[in-house]
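With chain A's structure known, arrange chain B on it following the hints.
So the sequences go chain by chain: A and B.
If you're matching positions, the first sequence starts at 1 in this note's numbering and goes up one per residue.
If you're matching positions, the second sequence starts at 1 in this note's numbering and goes up one per residue.
A hint or two may mislead.
To be verified - Label pairs and their calculated CB-CB ranges:
1) A:Met1 <-> B:Ser192: 29 to 37 Å
2) A:Pro19 <-> B:Gly87: 37 to 45 Å
3) B:Lys205 <-> A:Ser192: 34 to 42 Å
4) A:Ala110 <-> B:Gly87: 46 to 54 Å
5) A:Gly159 <-> B:Ala25: 37 to 45 Å
6) A:Gly209 <-> B:Arg123: 51 to 59 Å
7) A:Asn103 <-> B:Arg123: 43 to 51 Å
8) B:Tyr193 <-> A:Ser192: 18 to 26 Å
9) A:Ala100 <-> B:Tyr193: 17 to 25 Å
10) B:Lys198 <-> A:Gly209: 32 to 40 Å
11) A:Asn103 <-> B:Lys205: 17 to 25 Å
12) A:Met1 <-> B:Pro88: 36 to 44 Å
Hint data in this document are derived by calculation from the structure and do not stem from the laboratory.
Positions of the beta carbon are idealized from the N, C-alpha and C atoms, including for glycine.
In case you want the letters, here they are:
There are 2 protein chains.
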Amino acid sequence: MKNVIEALNWRYATKKYDPAKKLSAEQIETLLEAARLAPTSFGLQPIRLVNVTDPAIRAKLRTAAHGQSAVTDASHFVVFAATTDLGPKQVEEFTALVAATRNVPIESLADYNKMIGGTLASRTAEQNTDWAAKQAYIALGILLLAAAENEIDATPMEGFDAKQFTEILGLAKLGLTAVVAAAIGFRAEDDSYIKLTKVRFPKEKFIIGV
Amino acid sequence: MKNVIEALNWRYATKKYDPAKKLSAEQIETLLEAARLAPTSFGLQPIRLVNVTDPAIRAKLRTAAHGQSAVTDASHFVVFAATTDLGPKQVEEFTALVAATRNVPIESLADYNKMIGGTLASRTAEQNTDWAAKQAYIALGILLLAAAENEIDATPMEGFDAKQFTEILGLAKLGLTAVVAAAIGFRAEDDSYIKLTKVRFPKEKFIIGV
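Just chain A, with the same shape it has in the complex (with noise of 0.2 Å):
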């Protein structure tokens, strides 16, 4: 397992996958139990992670992604979506989570139901969705890392039509919208954004001090 910054390092936005190298099943489920483990405001979990494994779904995929061909070459595709109209009835939902989980009575977790239920009233609709949104990136940022630290090659994706993934993969009637994606697999050896220095602003720029 190569270290933190090494592993930052190595990875870059692969555009060119090697489509005969998979994933082995182990592989595979380390990066999704990954994003499953990612930290959310409150711990509310409002996102879902959409492992897309069917090749027909993930060809009209590509093409509501301008074509890009890691979509389909990519051992796996992966789109993070965000819950939407987020209220009353996912927090009830987490609320018996964490009774369950961690053998609790409900009413014991009240005043905590009651200010998640709160900050959520206080939004619009479209703010909640926008902020379950954000918590997709922190678990896009850890199955980044995660894959890199393995040397899996992975390559985050906001360039596509969100309206189009949120209906090619069914996810307004499961409360869910498109957010983001990410292509996971083994660089094509002639991939010649593999040769590119990666480019970074330096740290005195991209670290203040105060």
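Positioned in the frame of chain A, the structure of chain B alone reads:
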């Protein structure tokens, strides 16, 4: 170093830090560097990381964060900030950085420059800042996993007055706005949250196979 799943199961949103335990210079350097190396859409890095070391400023931030003790008691406290008013200025700056890093003529990047500029111009200033904020969450996720793997505690934090944080840190004059924060340090042994079982929706619910 813990592996990914061990690390994510070990970590929790630490509430009470041991104020006597500090990260080594190497440890904080690794975490700041991990955030700097985090990927962002287009590679534009429309974010900065504020490392708040002045105790007086941390005291003010604590007040603007519902008095949460982690703000002052953790070894370190960082605030992720997003660039506001994204437009041609940032695209030019980024293009110059790419050209210098990869030793290519700026003219060779004209198409890429135009694509990024076109994307930014197609959205409102508010939408661009919100998009920049999402990139900060990728870096946050990476920092959280990197910390946990090194057995460093961290608490992601949205529960603060972002306007006050922006004001206290003097971010507006730098074209930045506070987005999300993280306390970083070592748990107090008597933090009652240590004992709580982690709550996550089960795999069958969190992962959607398509």
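These are the hints, each one checked on the structure:
Remark: the range hint 29 to 37 Å for Met1 (chain A) to Ser192 (chain B) is upheld by a beta-carbon distance near 33 Å. For Pro19 (chain A) paired with Gly87 (chain B), a C-beta distance near 39 Å keeps the hint of 37 to 45 Å intact. Lys205 (chain B) and Ser192 (chain A) have their C-beta atoms about 41 Å apart, which keeps the hinted 34 to 42 Å range intact. For the pair Ala110 (chain A) and Gly87 (chain B), the supplied restraint of 46 to 54 Å holds, since their beta-carbon distance comes to about 47 Å.
The beta-carbon spacing between Gly159 (chain A) and Ala25 (chain B), approximately 39 Å, falls within the hinted interval of 37 to 45 Å. Against the hinted window of 51 to 59 Å, the Cβ-Cβ separation of Gly209 (chain A) and Arg123 (chain B) comes to about 31 Å, which falls outside the hint. Between Asn103 (chain A) and Arg123 (chain B) the beta carbons are some 47 Å apart, a value that agrees with the proposed interval 43 to 51 Å. For Tyr193 (chain B) and Ser192 (chain A), the hinted distance range of 18 to 26 Å is not satisfied, since their beta carbons lie about 48 Å from each other.
Take Ala100 (chain A) and Tyr193 (chain B): their Cβ atoms lie about 19 Å apart, and the range 17 to 25 Å holds. Checked against the hint of 32 to 40 Å, the C-beta distance between Lys198 (chain B) and Gly209 (chain A) comes to roughly 34 Å, which is consistent with it. Against the hinted window of 17 to 25 Å, the Cβ-Cβ separation of Asn103 (chain A) and Lys205 (chain B) comes to about 19 Å, which satisfies the hint. Take Met1 (chain A) and Pro88 (chain B): their Cβ atoms lie about 42 Å apart, and the range 36 to 44 Å holds.
This entry does not satisfy hints 6 and 8, going by the numbered hints stated previously.
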